[in-house]
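Visitor: Chain by chain, the residues:
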Amino acid sequence: MALAFDIVLVLLILGVATWTISARDTFAAVVGFIGFGLVLALAWVCLAAPDVALTEAAIGSGLTGGLLVGASARLRRTETTSGETPSISLRLSAGVVCTFISAGLAAIVLELPGKAPTLAPQVAANLAMIGLDNPVTAVLMAYRAVDTLLEVVVLLLVLGGIWSLAPDHLWGGSPGSRHLAGPDGVLPFVAQLLVPVGILVGIHIFWIGSVAPGGEFQGATILAAMWILATMAGLVDMPAVSRRWLRLLLVAGSAVFFAVGFAGFAMAGAFLAYPEAYAKLLILIIEIPLTLSIAATLALLVAGPPERAPQE
Amino acid sequence: MSAAIPYGLCSAVLVGLGLFGLITHPQPLRKILAFNLIGSGVFLLFGVIARRGAAVGFGGDPVPQALVITGLVVAFAGTALAVALLLRLVDETRRGTLRDE
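Chains as they are written, first to last, in my numbering: chain Y, 1 to 312; chain X, 1 to 101.
Some clues are possibly wrong.
[To be verified] Covered stretches of chain X (chain Y as the covering partner; in silico rule of three or more C-beta atoms under 8 Å from a C-beta of chain Y):
| id | stretch |
| --- | --- |
| 1 | 9 to 21 |
| 2 | 53 to 63 |
| 3 | 75 to 84 |
[Unchecked claim] Here are some, though not all, of the chain X residues that point toward chain Y, as calculated from beta-carbon distances under 8 Å:
| id | residue |
| --- | --- |
| 4 | 30 |
| 5 | 33 |
| 6 | 40 |
Simulated from the structure, these hints should not be mistaken for laboratory data.
Bear in mind the structure is a predicted one, so any value in this text is a computation, not a measurement.
Cβ atoms here follow ideal geometry from the backbone N, Cα and C, with glycine treated the same way.
My request is simple: use the sequences and hints to build the entire structure.
Guide: See the structure below:
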């Protein structure tokens, strides 16, 4: 019975994926991709990875989907499909190559050795020492904290890259156009209703990350989505990217992370090592500014490069 | 047969589908979409490997699962950068194509 459900879910995933590739209209393909992310999140639940399922639904489907919807709307005018379709021979050879790659991967999946290597016992053995109950959060914040630190730095580098795509005269201005919604509009009403609840849900998802599925990335994504929603509804405006408080908010997470990391040399003898008695407290000290920084970074990544000149 | 096998096969097909779209679609935004499909397939393969590592009461090996979470966030950042580059390209050239004519 469970296998039947798995097979139906896999067929659904592949069906939606085929739609995103084959749809004629780009906008339809993007909508297909959002649906694809949501059914893929179900697959992650079936693979006993609820933390990944939350991330997939929030970032893979939600934020990426929002970004692509915006881009496809702006590109609609420039869509020129005629005369650019690749030749039959190219499509045919691409089909053959891709079939071989899929077949090779499938063969590897079927031929995997009987006993899988796993780090789960090692993770479980030291969970009590860190004071966390969610093994995935423990890996992200303690065992492989350096990965998480570098990832946050990557997010900042990408944001720098996106900002630097702004033309010279717009540098330091605000991203996106100003959304002015009438006071009677549906969107401002929905935003006023949803944003406070969404912020609470985001904080909740972040907070329960230590004991249950959730954590800083999932919570931060929800907070970012609420900021984007409030901006789209015209309730708040995106700040100019040269604002001092914005810059501080963006780097706060990685700055605290680095500070605690270097303090690890003095407290426990290694970079990012936590002394046993304070492990949970230190993780919390990192996580709170980290969540706020990630939320701000994600929202600004969706907003794109500055498009309005800075007001002096 | 392990319960994760259908998802393993699914990830294999996703990688192939995404690669096909990446090669054959002329529009850059469709290429970005297809590239994300490849990424989803790779992440799913990671999930299958993690599921096989289930032990000591965990449903899966938490280390690859945490890596996938990191990967998803970085994939989003990469997509955002690609979209920003594409929009700037269109602003400069007024054409939504990668061909230089």
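Visitor: Look at each hint and say if it fits the structure.
Guide: Evaluated hints:
1. 9 to 21: It holds, with 13 qualifying residues against the three required.
2. 53 to 63: Holds: 11 residues of the stretch 53 to 63 of chain X have a Cβ under 8 Å from chain Y.
3. 75 to 84: holds (count 9)
4. 30: 6 Å, holds
5. 33: 6 Å, holds
6. 40: Holds: closest Cβ of chain Y sits about 6 Å from residue 40 (chain X), inside 8 Å.
Hint violations for this structure: none, all hints satisfied.
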